[in-house]
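Participant: Here the structure of chain A is known, so what remains is to put chain B in place on it, guided by the hints.
Line by line, the protein sequences are chains A and B. Each residue of the first sequence is one higher than the one before, starting from 134 at the first, in our numbering. Each residue of the second sequence is one higher than the one before, starting from 15 at the first, in our numbering.
Heads up, a few of these hints could be off.
[Claimed, not checked] Covered by chain A, according to a simulated footprint, are these stretches of chain B (three or more residues, beta-carbon under 8 Å): (1) 34-40; (2) 54-67; (3) 102-108.
[What the hints assert, rightly or not] Below, simulated DSSO-like cross-link-like pairs (lysine-lysine); rule was C-alpha separation at most 27 Å, straight line: (4) K190(A) <-> K16(B); (5) K113(B) <-> K56(B); (6) K113(B) <-> K203(A); (7) K56(B) <-> K203(A).
[As the list claims (entries may be wrong)] Which residues of chain A face chain B? A partial, calculated answer using Cβ under 8 Å: (8) G175; (9) Y181; (10) A189; (11) V193; (12) P216; (13) G230; (14) Q232; (15) Y233; (16) G235; (17) G237.
Hints listed in this document are in silico derivations from the structure and should not be mistaken for laboratory results. Given the structure is predicted, the values throughout are model-derived calculations rather than measurements. Note that the Cβ used here is the ideal one computed from N, Cα and C, for glycine as well.
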Amino acid sequence: NAGVTQTPKFRVLKTGQSMTLLCAQDMNHEYMYWYRQDPGMGLRLIHYSVGEGTTAKGEVPDGYNVSRLKKQNFLLGLESAAPSQTSVYFCASSPYGEQYFGPGTRLTVT
Amino acid sequence: QKEVEQDPGPLSVPEGAIVSLNCTYSNSAFQYFMWYRQYSRKGPELLMYTYSSGNKEDGRFTAQVDKSSKYISLFIRDSQPSDSATYLCAMGQYSSASKIIFGSGTRLSIRP
Numbered sequence: 134n135a136g137v138t139q140t141p142k143f144r145v146l147k148t149g150q151s152m153t154l155l156c157a158q159d160m161n162h163e164y165m166y167w168y169r170q171d172p173g174m175g176l177r178l179i180h181y182s183v184g185e186g187t188t189a190k191g192e193v194p195d196g197y198n199v200s201r202l203k204k205q206n207f208l209l210g211l212e213s214a215a216p217s218q219t220s221v222y223f224c225a226s227s228p229y230g231e232q233y234f235g236p237g238t239r240l241t242v243t
Numbered sequence: 015q016k017e018v019e020q021d022p023g024p025l026s027v028p029e030g031a032i033v034s035l036n037c038t039y040s041n042s043a044f045q046y047f048m049w050y051r052q053y054s055r056k057g058p059e060l061l062m063y064t065y066s067s068g069n070k071e072d073g074r075f076t077a078q079v080d081k082s083s084k085y086i087s088l089f090i091r092d093s094q095p096s097d098s099a100t101y102l103c104a105m106g107q108y109s110s111a112s113k114i115i116f117g118s119g120t121r122l123s124i125r126p
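Bound-form chain A, shown alone (with noise of 0.2 Å):
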């Protein structure tokens, strides 16, 4: 079991340039979220899903959209990546309470 993965493991975007991250769990949970974290801010929601088909804001969604077209599958998107979304990001999953991290991706937006 890989548990939770992330791809790529660390991005440098110029301001303005789009990218996605992909996150991929082999547990067969229902949820799936994405958080960033940031020195000072601790862990922040952007978006979760309930389930295959169904995205859902969170705390900070602004910037972000996500996709869920496979269960085991959440895409994060930022479609014009602006400096303050330099950040590294986490996706996780769960089957119905506690949550699995994945190792992370540095993200640099200069």
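Facilitator: Then chain B, alone, in the frame of chain A:
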């Protein structure tokens, strides 16, 4: 007032000591509680998950929940240098998939 308060530390203790990490919360609706360990530049790793008041033990780790006082603790016995990490508490409600609140984390250092 934050829903979850966690002392940020840093906390430094000698190897072999018992470590106590704590969180307080204000929302009595929280039903389940978790502790995560996060090494530098890694993802949070689930250590303990519990949904009832009392103690839950797993090896050198004990999670304690006191719902009446809105207080949770993680105890680490026989601490090792490899326990040096940031520890996050978290709590949630089964009725809401998005209502999961994380503490800001306590940075722990175990001195050999």
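Participant: Check each numbered hint from earlier against the structure, then list the numbers of those it violates in ascending order.
Facilitator: 1, 11, 12
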